[in-house]
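> Heads up: the sequence lines are chains D and X, in that order. Residues in the first sequence are numbered from 1 upward in steps of one, following our numbering. Residues in the second sequence are numbered from 1 upward in steps of one, following our numbering.
Just so you know, not all the hints are guaranteed correct.
Incomplete in silico selection of chain X near chain D, CB under 8 Å [stated by the list, open to error]:
1. 35
2. 125
3. 154
4. 178
5. 233
Using C-beta positions, here's what the derived DEER-type ranges look like [said to hold, decoys possible]:
6. X:249 / D:42: 24 to 32 Å
7. X:46 / D:16: 39 to 47 Å
8. X:7 / D:42: 50 to 58 Å
With a straight-line Cα cutoff of 27 Å, these simulated DSSO-like cross-link-like pairs (lysine-lysine) come out [as the list claims (entries may be wrong)]:
9. D:6 / X:333
10. D:55 / X:141
11. X:87 / X:167
12. X:333 / D:55
13. X:87 / D:55
By construction, these hints were calculated from the structure, which means they are not laboratory data. Glycine residues also receive a C-beta, built at the ideal position from the N, C-alpha and C atoms.
Here is how the chains run, residue by residue.
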Amino acid sequence: MKVKVKTFGSLTELLEKEFYITAVDTADLVATLRAQQPALANRSLLIAVNNILVKETTALAADDIVALMPPYSGG
Amino acid sequence: MTDDRYSRHYALKGFGKVAQMKLQQAAVLVVGAGGLGCPALQYLVASGIGTLGIVDHDSVDISNLHRQVLYDSDNVGHPKAEVAAAKLRRQNPDVTIYTYSYMLQPQNAASLLGPYDIVIDCTDNFATRYLLCDACRLLDKPLIFGAIYQYEGQLAVFNVADDNGLKATYRHLFPSPPDPLEAPDCNTAGVLGVLPGLIGTLQATEAIKLLTGIGTVLSNQLMTINILDNSSYTVTIPNDLPDDNSYPTTLEGLEKFKYDHFCTAIDQQVQSLRAEQLVSHWHAEDVLLIDVREAVEVPELPVDHIRIPLAELPRQLDRLVRPKLVFICQSGKRSLAAAQFVAAQDHQDHQIFNLEGGIDHLKLYFHA
Numbered sequence: 001m002k003v004k005v006k007t008f009g010s011l012t013e014l015l016e017k018e019f020y021i022t023a024v025d026t027a028d029l030v031a032t033l034r035a036q037q038p039a040l041a042n043r044s045l046l047i048a049v050n051n052i053l054v055k056e057t058t059a060l061a062a063d064d065i066v067a068l069m070p071p072y073s074g075g
Numbered sequence: 001m002t003d004d005r006y007s008r009h010y011a012l013k014g015f016g017k018v019a020q021m022k023l024q025q026a027a028v029l030v031v032g033a034g035g036l037g038c039p040a041l042q043y044l045v046a047s048g049i050g051t052l053g054i055v056d057h058d059s060v061d062i063s064n065l066h067r068q069v070l071y072d073s074d075n076v077g078h079p080k081a082e083v084a085a086a087k088l089r090r091q092n093p094d095v096t097i098y099t100y101s102y103m104l105q106p107q108n109a110a111s112l113l114g115p116y117d118i119v120i121d122c123t124d125n126f127a128t129r130y131l132l133c134d135a136c137r138l139l140d141k142p143l144i145f146g147a148i149y150q151y152e153g154q155l156a157v158f159n160v161a162d163d164n165g166l167k168a169t170y171r172h173l174f175p176s177p178p179d180p181l182e183a184p185d186c187n188t189a190g191v192l193g194v195l196p197g198l199i200g201t202l203q204a205t206e207a208i209k210l211l212t213g214i215g216t217v218l219s220n221q222l223m224t225i226n227i228l229d230n231s232s233y234t235v236t237i238p239n240d241l242p243d244d245n246s247y248p249t250t251l252e253g254l255e256k257f258k259y260d261h262f263c264t265a266i267d268q269q270v271q272s273l274r275a276e277q278l279v280s281h282w283h284a285e286d287v288l289l290i291d292v293r294e295a296v297e298v299p300e301l302p303v304d305h306i307r308i309p310l311a312e313l314p315r316q317l318d319r320l321v322r323p324k325l326v327f328i329c330q331s332g333k334r335s336l337a338a339a340q341f342v343a344a345q346d347h348q349d350h351q352i353f354n355l356e357g358g359i360d361h362l363k364l365y366f367h368a
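Only chain D is shown next, with the shape it has when bound in the complex (with noise of 0.2 Å):
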């Protein structure tokens, strides 16, 4: 499916802000990014579909919106 995904803090320095990928589920768009940028091998990371946390794999469907959140420490 068909995806848009949207990354937000350091994680921006490593993927393009917004794109679109192709991934059957979270795990599987996880490991593709993984696959492309070695650098987030280890990123702690939220993932959001369509403004839901998810923690287990959860399948994805066309257009969904996947958002990838670090945590963040500054105060």
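Fit chain X to the supplied structure of chain D, relying on the hints for placement.
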């Protein structure tokens, strides 16, 4: 309380004297008097909060002044909590202000947080953030979270139940801390000076809403704000999200938890083990295999092992009796959390391993 000072609150539809009285009776603790803490403190004081606590062990540095707007050039080198309190008392003498010019620690967290109704996380490091998260969860205190990175801020309200009774915490978002190098603070990454002004003000707003019961707070939600393109993005933390990590479950456990280790040096303490490495050692007498999956999960490991579901781990540390501990789960995630938890307990007589990829990777060897 003088009537004139709060007259615009009294005149405000949906607020009025009743809400103002609630603020006057409330006690709020602000942890960190830096970029986020300054605006949060100023607006809470201006609003007429009854009692305010300020925790900060640091002194004013000249590099703070572009964003920490309570301080001026003459304050450089002076303790932040004291300087802030002196200015805030002049700003509004109605407010009782207590200062704590030392670090929040596992040993003092319960007594520091105890007297306050709401805690605001304006800290700048993961060790204190995880400590606050766990302490507020154990003490059942609302925690208003704010964090910043360059041009973006995150905001959330933890430990406040939604209609389903769910109370999300920071550990629902990030069960274990990242490598500090991948989430640099403002000193390293830089920050636009107005950003914490915006996020800290929103933290004060959420506190005022919670205390007075107006509006809807960001409970079980995480909002990210980007000041470069004026966008905001809010995600919901669903109530079926597994809270699959080990953390202190009692105040006694909290006191002993080594947050500094947990957030910095863990990588050196937990060694990653590949399936083929494990197979050649799993019968050794000094190795203990610990399966941290739930009791119902299969397949069972085909060799000698013990099972301690992750949530039970804090109460069963006395079963970890051999020098080499190998934590195992289905995919390697929960076992990493388990290994990090045990490493944070500072068991120096143990070598701690995590099976990379979990049983999914190990299955190949089950009949070998």
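> Would you check the hint for residue 87 of chain X and residue 55 of chain D, treating anything up to 27 Å between C-alpha atoms as holding?
The given pair, whose Cα atoms are some 45 Å apart, is violated under the 27 Å limit.
> Using Cβ atoms only, decide whether residue 233 of chain X comes closer than 8 Å to chain D, and label the hint accordingly.
The hint holds - residue 233 of chain X has a Cβ within 8 Å of chain D, the shortest such distance being about 6 Å.
> Is the shortest C-beta separation between residue 35 of chain X and chain D less than 8 Å?
6 Å, holds
> Under 8 Å is the threshold here; is the Cβ of residue 178 of chain X close enough to any Cβ of chain D for the hint to stand?
4 Å, holds
> Using the beta carbons of residue 46 of chain X and residue 16 of chain D, state whether their distance is inside 39 to 47 Å or not.
Hint holds: Cβ distance 42 Å, inside 39 to 47 Å.
> Between residue 7 of chain X and residue 42 of chain D, is the Cβ distance one that fits in 50 to 58 Å?
Given about 55 Å between the Cβ atoms, the range holds.
> Does the interface hint hold: is residue 154 of chain X within less than 8 Å of chain D, judged Cβ to Cβ?
Holds: closest Cβ of chain D sits about 5 Å from residue 154 of chain X, inside 8 Å.
> Would you check the hint for residue 55 of chain D and residue 141 of chain X, treating anything up to 27 Å between C-alpha atoms as holding?
Within the cut-off at roughly 25 Å; holds.
> Need the status of pair residue 6 of chain D, residue 333 of chain X: alpha-carbon distance at most 27 Å?
Distance of about 24 Å is within 27 Å: holds.
> Holds or violated: residue 87 of chain X with residue 167 of chain X, Cα cutoff 27 Å?
Violated, at about 35 Å.
> What's the verdict on residue 333 of chain X and residue 55 of chain D, does the C-alpha distance respect the 27 Å limit or exceed it?
11 Å, holds
> Holds or violated: is the Cβ of residue 125 of chain X closer than 8 Å to a Cβ in chain D?
6 Å, holds
In summary, the structure is inconsistent with hints 11, 13 from the numbered list given earlier, while agreeing with the others.
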